[in-house]
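With the hints as constraints, model all of the structure from the sequences given.
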Amino acid sequence: MLKLEIIEPEGEEASDFCGRTHAAEAVERGIIPSLAPPHGRCHECKLPGCSATVFFEHDTGRVHDFCCRTHAYQAGALSGGGSSGGGYAAQGPRCALPGCARAVYVDPASGRAHDYCGRTHAREHAQMQSDGAAAAAAAAAAAAAAAAAAAPRDCSLPGCSQPRRLDPYTGQPMHFCSHNHRQRAEERGLGAILEAGVERVFTMSRPNATGHTDTGFQLSLLTRTHADFAPVREQFLSKWTKPGTPPSVIRVFKVKVPDHVFRGGSARRTYSSAPMNVVIHVFKVKVPDHVFSVIRVFKVKVPHHVIQMSVIRVFKVKVPDHVFSSAQMSIICVFTVTVPDLVFRAYDAYKQLKGNRVRRRFHGTSCGIDCNFFVNLRDGPCGGHDCAVCGICTHGFLMEYSGATAERTNFNLRYGRGLYFSSISGKSHDYAELSEHVSPSNGHAARWRVMFVCSVVVGNAFETEEPTLAGPLPPAAHDSIVANPSAGKLNYDELVVYCNEAAIPTFMIAYTLPY
Numbered sequence: 001m002l003k004l005e006i007i008e009p010e011g012e013e014a015s016d017f018c019g020r021t022h023a024a025e026a027v028e029r030g031i032i033p034s035l036a037p038p039h040g041r042c043h044e045c046k047l048p049g050c051s052a053t054v055f056f057e058h059d060t061g062r063v064h065d066f067c068c069r070t071h072a073y074q075a076g077a078l079s080g081g082g083s084s085g086g087g088y089a090a091q092g093p094r095c096a097l098p099g100c101a102r103a104v105y106v107d108p109a110s111g112r113a114h115d116y117c118g119r120t121h122a123r124e125h126a127q128m129q130s131d132g133a134a135a136a137a138a139a140a141a142a143a144a145a146a147a148a149a150a151a152p153r154d155c156s157l158p159g160c161s162q163p164r165r166l167d168p169y170t171g172q173p174m175h176f177c178s179h180n181h182r183q184r185a186e187e188r189g190l191g192a193i194l195e196a197g198v199e200r201v202f203t204m205s206r207p208n209a210t211g212h213t214d215t216g217f218q219l220s221l222l223t224r225t226h227a228d229f230a231p232v233r234e235q236f237l238s239k240w241t242k243p244g245t246p247p248s249v250i251r252v253f254k255v256k257v258p259d260h261v262f263r264g265g266s267a268r269r270t271y272s273s274a275p276m277n278v279v280i281h282v283f284k285v286k287v288p289d290h291v292f293s294v295i296r297v298f299k300v301k302v303p304h305h306v307i308q309m310s311v312i313r314v315f316k317v318k319v320p321d322h323v324f325s326s327a328q329m330s331i332i333c334v335f336t337v338t339v340p341d342l343v344f345r346a347y348d349a350y351k352q353l354k355g356n357r358v359r360r361r362f363h364g365t366s367c368g369i370d371c372n373f374f375v376n377l378r379d380g381p382c383g384g385h386d387c388a389v390c391g392i393c394t395h396g397f398l399m400e401y402s403g404a405t406a407e408r409t410n411f412n413l414r415y416g417r418g419l420y421f422s423s424i425s426g427k428s429h430d431y432a433e434l435s436e437h438v439s440p441s442n443g444h445a446a447r448w449r450v451m452f453v454c455s456v457v458v459g460n461a462f463e464t465e466e467p468t469l470a471g472p473l474p475p476a477a478h479d480s481i482v483a484n485p486s487a488g489k490l491n492y493d494e495l496v497v498y499c500n501e502a503a504i505p506t507f508m509i510a511y512t513l514p515y
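Be aware that the sequence shown starts at 1, since it is given in our numbering, and climbs by one per residue.
Rather than coming from a laboratory, the hints here were simulated on the basis of the structure.
There is no bait here: all hints are sound.
Straight-line Cα separation of at most 30 Å, DSBU-like style, residue types lysine-lysine; simulated pairs: (1) Lys239 - Lys354; (2) Lys489 - Lys239; (3) Lys242 - Lys489.
Computed from a predicted model, the values in this text were never measured in an experiment.
Below you can see the structure in the form of structure tokens.
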């Protein structure tokens with residue numbers, strides 16, 4: 001074999017091999033005895049000023065240029081490159097192992113920068129990722145198992161306790177015990193129960209402007225075991241600051257609007273239709289449980305074009321006497337409502353555009369004279385185009401209808417045509433007059449009304465204590481008006497926004513007053 005002897009600079013002793021690799025190979029072949037560990041001046045650390053012996057790998061026989069990694073990094077930083085045995089970039093990417101700030105290793109032959117400072121950290125990170133993936137898979141499996149265990153197993157037709165069957169033709173779950181019960185449910189306007197804690201599901205469709213039935217409601221009556229029950233009561237009850245006896249809360253609806261509202265459609269702003277991952281948040285409200293009686297709460301959950309509401313049963317709660325003189329309330333069930341995807345995405349895009357400044361506020365409105373579903377569970381929502389409750393659930397808030405209820409109830413629009421909200425439930429109660437139905441409650445005639453709980457994007461708010469404002473509204477460079485109460489001017493706060501995307505309904509409360 002042709003051999004070139006390498007003469008070390010500065011008159012050092014000549015080596016018998018062209019490099020350490022061939023020297024190690026010679027040891028393996030038995031040509032020369034095993035290499036001795038590094039020793040002497042020829043094996044000193046190459047970092048200027050360091051005379052420590054270089055690091056030696058006993059397993060491989062590899063002799064490094066430096067005594068430790070720290071000096072290797074320092075030498076790389078000083079010289080801007082590596083040595084014959086490989087180097088570390090003075091600048092540029094750092095080791096991919098979380099917590100390590102060292103420079104990545106650079107292969108001297110190819111110039112390739114690796115992802116890690118060394119093999120040890122590469123192996124460590126691989127193990128971390130493997131452990132994380134395994135933990136995530138285990139968590140997902142546990143969640144799936146829990147969901148399967150909690151899934152409803154009885155027939156979806158109310159009153160039937162027979163187990164569900166698979167469709168013999170498709171092999172898919174029918175959610176009913178038989179085709180006969182599924183047909184009977186459809187005839188009654190009832191749908192499949194898809195989650196635990198639901199007593200029944202109301203379904204209906206509503207033609208849109210083009211005549212297609214691609215929008216509608218789905219109302220699910222939830223039992224007291226449902227996890228979403230409790231949130232809504234407290235804000236309504238604790239924020240009833242008006243004088244007099246507060247009403248009894250009978251039902252709370254959580255709203256989900258249809259797809260075309262959530263995404264914005266062609267009539268909405270261009271940014272509202274941008275694709276994005278959506279997480280629908282359930283806003284939980286804590287209430288002091290005093291004289292109010294919440295009977296039912298509907299939860300709405302929509303697959304694209306359908307509005308869904310669910311009903312959750314509740315329990316008796318005792319609140320401190322200082323909150324109200326009659327401190328006991330009875331809650332029997334609750335309705336939650338969730339907006340459809342199109343509406344939520346339009347709202348979510350606007351919310352992000354305006355810096356995620358969101359407030360939860362009340363909104364009183366009207367409903368159709370025939371819309372009685374929040375009183376009588378045997379009735380479904382009317383779906384009428386003149387019903388504000390069904391319209392808000394289906395389309396969200398629309399500026400073209402803003403102020404209609406206020407005008408019919410002889411209230412002025414203090415701050416121009418916009419969407420009005422308040423943190424005071426008693427204030428919004430004044431605007432809910434045209435939703436009123438007279439019907440028995442707990443054996444006595446009662447006046448039933450409904451009120452929305454909404455998420456409202458404030459954006460850049462113009463704050464005032466004046467009861468009216470002159471000029472264009474909202475004022476230039478502002479997105480909303482926040483009117484704060486002040487002596488002799490405003491009794492209760494108001495929040496006014498001026499575009500459809502600025503608000504979505506999240507809950508609807510059904511409550512009663514003495515007749």
